[in-house]
Every structure is written in C-alpha cells, then in structure tokens.
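Protein sequence lines correspond, in order, to chains H and U. The C-terminal residue of the first sequence carries number 123 in numbering that gives the first Met the number 0, and the numbering is unbroken. The C-terminal residue of the second sequence carries number 389 in numbering that gives the first Met the number 0, and the numbering is unbroken.
Think of the hints as simulated: they come from the structure by calculation, not from any bench. Heads up, none of these hints are tricks.
Which stretches of chain U does chain H cover? Using the computed rule of at least three CB atoms under 8 Å from a CB of chain H, they are:
{"id": "1", "region": "296-305"}
{"id": "2", "region": "342-352"}
Think about it this way: if two alpha-carbon atoms lie no more than 20 Å apart in a straight line, the pair counts; the simulated EDC-like pairs of lysine to aspartate or glutamate are:
{"id": "3", "chain 1": "U", "residue 1": "Lys-1", "chain 2": "H", "residue 2": "Glu-7"}
{"id": "4", "chain 1": "H", "residue 1": "Lys-4", "chain 2": "U", "residue 2": "Asp-314"}
{"id": "5", "chain 1": "U", "residue 1": "Lys-60", "chain 2": "U", "residue 2": "Asp-189"}
{"id": "6", "chain 1": "U", "residue 1": "Lys-377", "chain 2": "H", "residue 2": "Glu-17"}
{"id": "7", "chain 1": "U", "residue 1": "Lys-250", "chain 2": "U", "residue 2": "Glu-19"}
{"id": "8", "chain 1": "H", "residue 1": "Lys-119", "chain 2": "H", "residue 2": "Glu-49"}
{"id": "9", "chain 1": "U", "residue 1": "Lys-386", "chain 2": "H", "residue 2": "Glu-17"}
{"id": "10", "chain 1": "U", "residue 1": "Lys-86", "chain 2": "U", "residue 2": "Glu-115"}
{"id": "11", "chain 1": "U", "residue 1": "Lys-377", "chain 2": "H", "residue 2": "Glu-7"}
{"id": "12", "chain 1": "U", "residue 1": "Lys-377", "chain 2": "H", "residue 2": "Glu-30"}
{"id": "13", "chain 1": "U", "residue 1": "Lys-44", "chain 2": "U", "residue 2": "Asp-27"}
{"id": "14", "chain 1": "U", "residue 1": "Lys-386", "chain 2": "H", "residue 2": "Glu-30"}
{"id": "15", "chain 1": "U", "residue 1": "Lys-386", "chain 2": "H", "residue 2": "Glu-19"}
{"id": "16", "chain 1": "H", "residue 1": "Lys-119", "chain 2": "H", "residue 2": "Glu-107"}
To spell it out: a stretch of chain H is covered by chain U in this simulated footprint if at least three of its residues, at any positions, have a beta carbon under 8 Å from a beta carbon of chain U; those stretches are:
{"id": "17", "region": "3-10"}
{"id": "18", "region": "35-47"}
{"id": "19", "region": "51-63"}
We treat Cβ as the ideally placed atom computed from N, Cα and C, and that holds for glycine.
Listed below, chain by chain, are the residues.
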Amino acid sequence: MYNEKVMEVFRNPQHMGEVENYNAIGTVGNETCGDIMQITMRINEDDIIEDAKFKTFGCAAAVATSSTATGMIIGKSVDEALKLTNKEVVTELEGLPPQKIHCSVLAEDAIRVAIDDYRKRKNG
Amino acid sequence: MKSIYLDHAATTPLSEKAFEAMKPYFSDIFGNANSQHVYGRDAAKAVSDARQTIAECIGAKPSEIYFTSCGTEADNWAVKGIAAQLKDKGRHIITSVIEHPAIYTTCKQLEKYGYEVTYLPVDGEGFVSVESLEDAIRPDTILVSIMFANNEIGTIQPIKELCEVAHKHGVLFHTDAVQATGAIRYDVKDLGVDMLSMSAHKFYGPKGMGALYVRNGMRIEKLLTGGEQERAHRGGTTNVSGAVGMAVALKDAVDNIEKDAAYVGGLRDDFVNKVLARIDEIYYNGAKDTSRRLYNNANFSFRYIEGESILFSLDLAGISASSGSACSSGSLEPSRTLLSIGVPVGTAHGSIRFTFGKRNTSEDVDYTVDELVRTVEKLRAMSPLYKKQA
Ligand SMILES: Cc1ncc(COP(=O)(O)O)c(C=O)c1O
Numbered sequence: 000m001y002n003e004k005v006m007e008v009f010r011n012p013q014h015m016g017e018v019e020n021y022n023a024i025g026t027v028g029n030e031t032c033g034d035i036m037q038i039t040m041r042i043n044e045d046d047i048i049e050d051a052k053f054k055t056f057g058c059a060a061a062v063a064t065s066s067t068a069t070g071m072i073i074g075k076s077v078d079e080a081l082k083l084t085n086k087e088v089v090t091e092l093e094g095l096p097p098q099k100i101h102c103s104v105l106a107e108d109a110i111r112v113a114i115d116d117y118r119k120r121k122n123g
Numbered sequence: 000m001k002s003i004y005l006d007h008a009a010t011t012p013l014s015e016k017a018f019e020a021m022k023p024y025f026s027d028i029f030g031n032a033n034s035q036h037v038y039g040r041d042a043a044k045a046v047s048d049a050r051q052t053i054a055e056c057i058g059a060k061p062s063e064i065y066f067t068s069c070g071t072e073a074d075n076w077a078v079k080g081i082a083a084q085l086k087d088k089g090r091h092i093i094t095s096v097i098e099h100p101a102i103y104t105t106c107k108q109l110e111k112y113g114y115e116v117t118y119l120p121v122d123g124e125g126f127v128s129v130e131s132l133e134d135a136i137r138p139d140t141i142l143v144s145i146m147f148a149n150n151e152i153g154t155i156q157p158i159k160e161l162c163e164v165a166h167k168h169g170v171l172f173h174t175d176a177v178q179a180t181g182a183i184r185y186d187v188k189d190l191g192v193d194m195l196s197m198s199a200h201k202f203y204g205p206k207g208m209g210a211l212y213v214r215n216g217m218r219i220e221k222l223l224t225g226g227e228q229e230r231a232h233r234g235g236t237t238n239v240s241g242a243v244g245m246a247v248a249l250k251d252a253v254d255n256i257e258k259d260a261a262y263v264g265g266l267r268d269d270f271v272n273k274v275l276a277r278i279d280e281i282y283y284n285g286a287k288d289t290s291r292r293l294y295n296n297a298n299f300s301f302r303y304i305e306g307e308s309i310l311f312s313l314d315l316a317g318i319s320a321s322s323g324s325a326c327s328s329g330s331l332e333p334s335r336t337l338l339s340i341g342v343p344v345g346t347a348h349g350s351i352r353f354t355f356g357k358r359n360t361s362e363d364v365d366y367t368v369d370e371l372v373r374t375v376e377k378l379r380a381m382s383p384l385y386k387k388q389a
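Model the full assembly from the supplied sequences, consistent with the hints where possible.
Okay, here's the thing in structure tokens:
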C-alpha cells in the first residue's frame with residue numbers, strides 16, 4: 000500500500016520527540032479519529048525556526064508526514080513555514096494512497112497552530 | 000527475512016491433503032455434476048461423497064447440506080431466505096451487535112426493505128445473554144441469527160441455550176459458525192439450530208467454498224435462483240473440486256480437533272502470558288475463560304498507540320497480524336465489536352488480533368513477543384498521549 004519512501008520514513012522517523020525549551024507548541028487531531036500530532040519548535044528573535052520535533056499518534060502515513068513536514072520547516076522563517084502545504088509534504092514522500100491523504104493535513108494544521116501559539120506568546 | 004503468519008481467522012493455507020484430493024477435479028474429472036452422462040455421474044459422485052462427509056462431521060443428514068460459494072453467501076441465504084419465506088408471518092429479526100458484516104450488513108439492507116432488526120448487546124467479554132434474547136422476541140419475530148464464535152475476539156456464544164429460547168417462542172434459529180467449524184466439536188442436532196453457515200477456507204480448505212446446513216422439514220426461499228442444482232435450492236454449477244476439498248479439510252479438522260486445540264491453544268496461551276507480562280497498559284479483549292474462547296485467538300488493545308502503525312511495524316518485521324481498526328479501509332470507525340464490549344474509542348484504534356494456526360511454532364511466539372515489545376516501546380515514545388510512568 001505504501002511506497003518505499005513512506006516505509007523508510009516510518010521505519011526511521013527523524014525529528015521525533017519534544018524540543019527542549021520550546022517556545023511554540025501545536026497539537027491537533029483527536030484520539031477518536033485515530034490521529035493526533037503535536038509539534039514543538041524553538042523559534043529565534045528573527046522568527047527563524049531553529050529546531051522542531053513531533054510526536055504522533057496515528058497510522059504509518061500520519062507518522063511519515065509528521066516526520067517529513069517537521070524536517071521541511073527547520074531553518075525556515077515562520078512565514079515560510081506557514082506556506083507549507085500538505086501537497087508539498089505528500090510530494091516529498093513521493094505520494095500517499097488516496098485514503099491516506101487526510102492524514103497529511105494533520106502536519107500542516109499542527110504547524111499553523113504552533114506558530115499561532117508562538118505569536119501569542121511573543122505579543123501576549 | 001522471517002515470515003510469520005498470525006492471521007488464521009482471516010484465512011488458512013489449503014492443507015496438503017485437501018489439495019491432493021482436489022487435483023483430479025479440475026481437468027480429469029471435470030464434468031458438470033448435473034449432466035446425465037458418465038462425466039456428470041463421476042462429478043456427482045464426488046459431490047455426493049463430499050456432502051456425506053460434511054454431514055457426518057456435524058451430525059447432519061446429507062440432504063441437509065447445501066453447498067454455497069462462500070460463508071457470506073450462506074449467511075445471506077439464511078437471513079434473506081427466511082425474511083422472504085416468512086414475510087407474511089412477520090418482519091422482525093434478532094441478531095447481535097458483534098456479527099460479521101456478512102450478517103450485519105445483510106440485516107442493515109433488510110431494514111431498507113421494511114424489516115425491523117434488533118441488535119442484541121453483548122457484555123464486556125462479548126457474550127449475548129439468554130435473557131436479553133428472550134426479552135427481544137416479539138410475536139412478529141421470524142428469525143434469530145447469532146454467531147457461534149466471533150471472528151475478532153473469539154468469544155463462543157451459548158448457542159444451545161440461545162436456540163432453546165428462540166424455539167420456546169416458535170422462532171427459527173440460525174448461527175454463523177464460520178469461525179467455529181473445525182475449531183469446536185459440535186453436533187447440529189444437539190445444538191438444535193435450524194440453519195448453520197460454514198466456510199472451507201477457515202479450516203484449511205479452499206477459498207470460495209461454503210455450505211449452509213438447513214434442517215430437514217424447514218422451508219427457505221432461494222437466494223440464487225437458477226437451475227436445479229442443490230436439489231433445486233441453489234442455482235449454479237456445483238464447484239466439484241471445492242466440495243471435495245472442503246470435505247477432506249473438514250474431516251481432517253474434526254478428526255484432529257482436540258490435538259490441534261491443545262497445540263495451537265498452547266501457543267496462544269504462551270503468547271498471551273508473555274505479552275501481558277512484558278507490556279503494560281494493555282487490555283486483553285474477549286473472554287478470559289479459555290473454554291469459552293476460540294483457541295487460536297488473541298486480541299489486545301495497546302493504549303496510546305494506533306493499530307495500523309503497530310501492524311505495519313510488525314509487517315516490516317515479517318509478522319502478519321490483523322488490525323481491529325478499520326482505518327486502513329479509509330473509514331475512521333474503529334471496530335464495532337470492540338466498541339460493543341466497552342473498549343474506549345481511542346483505545347479501540349490501537350487494537351491488534353493475532354490468530355494462531357497449526358504451522359506456527361513456539362519460536363514464532365517468542366520472536367513475535369520480542370518484536371511486539373520493541374514496536375510498542377518505539378510507538379509509545381513517539382506518542383503525544385503517552386507519559387512514561389516514572
Ligand atoms: C464469522 C464470519 N462469518 C462470515 C465470514 C465470511 O466467510 P467467507 O469469507 O467465506 O465469505 C467470515 C470470514 O471472514 C467470518 O469470520
């Protein structure tokens with residue numbers, strides 16, 4: 000069902016865990032739906048994401064997209080990170096089965112919620 | 000890489016004996032069992048012998064065995080056949096919430112055509128109570144259909160007692176014995192059931208071959224209208240090799256039932272004990288009393304992690320099991336059976352069924368336990384829901 004790339008990322012996920020002293024956290028999804036993703040980030044004064052890590056409860060596609068999306072935003076500015084779409088994540092993974100596309104939306108949403116959190120902390 | 004099959008409730012490999020017995024009936028003895036010449040007679044003889052063997056295995060008469068194309072067809076026929084036969088007597092059917100889709104969705108379909116269906120609840124181990132059945136029976140109830148043994152959690156229902164209650168009220172009783180046949184020794188006359196479904200591929204027989212037992216003296220409307228096959232009860236050219244393979248496999252299963260139960264059940268018990276000893280925060284779903292549970296079945300819910308990713312990790316390690324979660328089919332609904340026994344929705348997502356078979360070994364058990372421990376640790380480390388207990 001999954002391609003080699005997705006299987007490899009699922010087998011060896013990168014950026015897994017929680018960033019120490021994070022200043023942004025986003026959690027989306029719920030247990031009832033069978034998908035939850037949490038992303039934590041440390042963002043510097045120039046709004047650059049220095050580090051990011053994820054934790055995910057979900058299927059192999061949810062884990063693979065979490066890992067890939069998290070890798071794709073490290074080193075980017077928050078504005079750039081907000082532009083990341085689930086399509087780009089799926090492309091990076093060289094495709095997902097159609098019924099698994101909804102899992103990839105999780106990462107996009109989690110990043111948005113985390114950056115909202117960061118902005119609230121900064122301005123709040 | 001290792002390759003360990005732990006999904007025998009999904010299907011079993013064809014036994015060597017059944018395979019050998021089937022071989023002549025593809026190309027040498029290929030006749031249509033309904034033809035009036037020697038080719039037909041040879042095929043008819045094979046079908047008749049197979050029917051005889053199957054009848055003996057379950058305590059029935061040959062005239063009470065009807066071959067079908069699978070267990071699903073037998074289930075559809077029993078429910079729809081009685082619904083049509085007795086439509087003027089009543090339109091109420093009773094079944095359980097944990098039936099296989101072959102019964103469950105059939106009942107759902109009948110609801111669209113004006114039938115009313117009561118889905119009896121089950122307790123925390125998956126048992127239907129005799130009292131709840133008695134309470135549900137109405138003057139217009141025409142059929143009770145309750146599965147013999149559950150495919151997900153292995154719970155074995157008190158069929159004889161349930162059947163007695165139905166008969167006390169003059170209601171027909173069908174049981175889906177697809178998982179039970181070949182695994183549990185039973186006699187249809189002792190059980191008292193009016194109809195019973197079975198499927199060959201669950202007991203080391205061929206896929207695409209089933210049978211419906213219909214008690215003599217009962218009338219049931221046809222499901223497949225057509226020719227005069229199966230004593231004019233089921234149209235369609237008989238699957239001769241399938242019938243032969245089914246009979247050989249069933250006889251072999253029934254002859255060795257105690258031996259296989261002891262061996263396979265031993266592997267299962269060892270597996271369950273080791274898993275429970277090494278992994279915390281899990282539920283063992285289904286009946287705790289092993290005498291009331293299919294000997295091949297183990298079903299666990301692992302808290303904080305999701306079933307498909309567990310299954311996929313095991314698959315990468317060469318272990319084939321099955322998920323209680325329907326996520327892989329694109330639906331987000333976890334197993335109806337697990338929810339019915341009270342497993343919380345989130346936890347139900349993290350459920351795996353392991354069903355053992357005759358070819359498994361104790362090395363398979365140990366390897367699977369080790370891989371399962373590793374998988375659960377890895378996925379929990381990744382889970383936002385899991386807080387490691389200090
Ligand atoms: C309890 C039960 N009923 C019915 C069926 C359907 O049998 P078949 O696959 O032969 O259609 C199955 C098999 O999946 C089953 O486990």
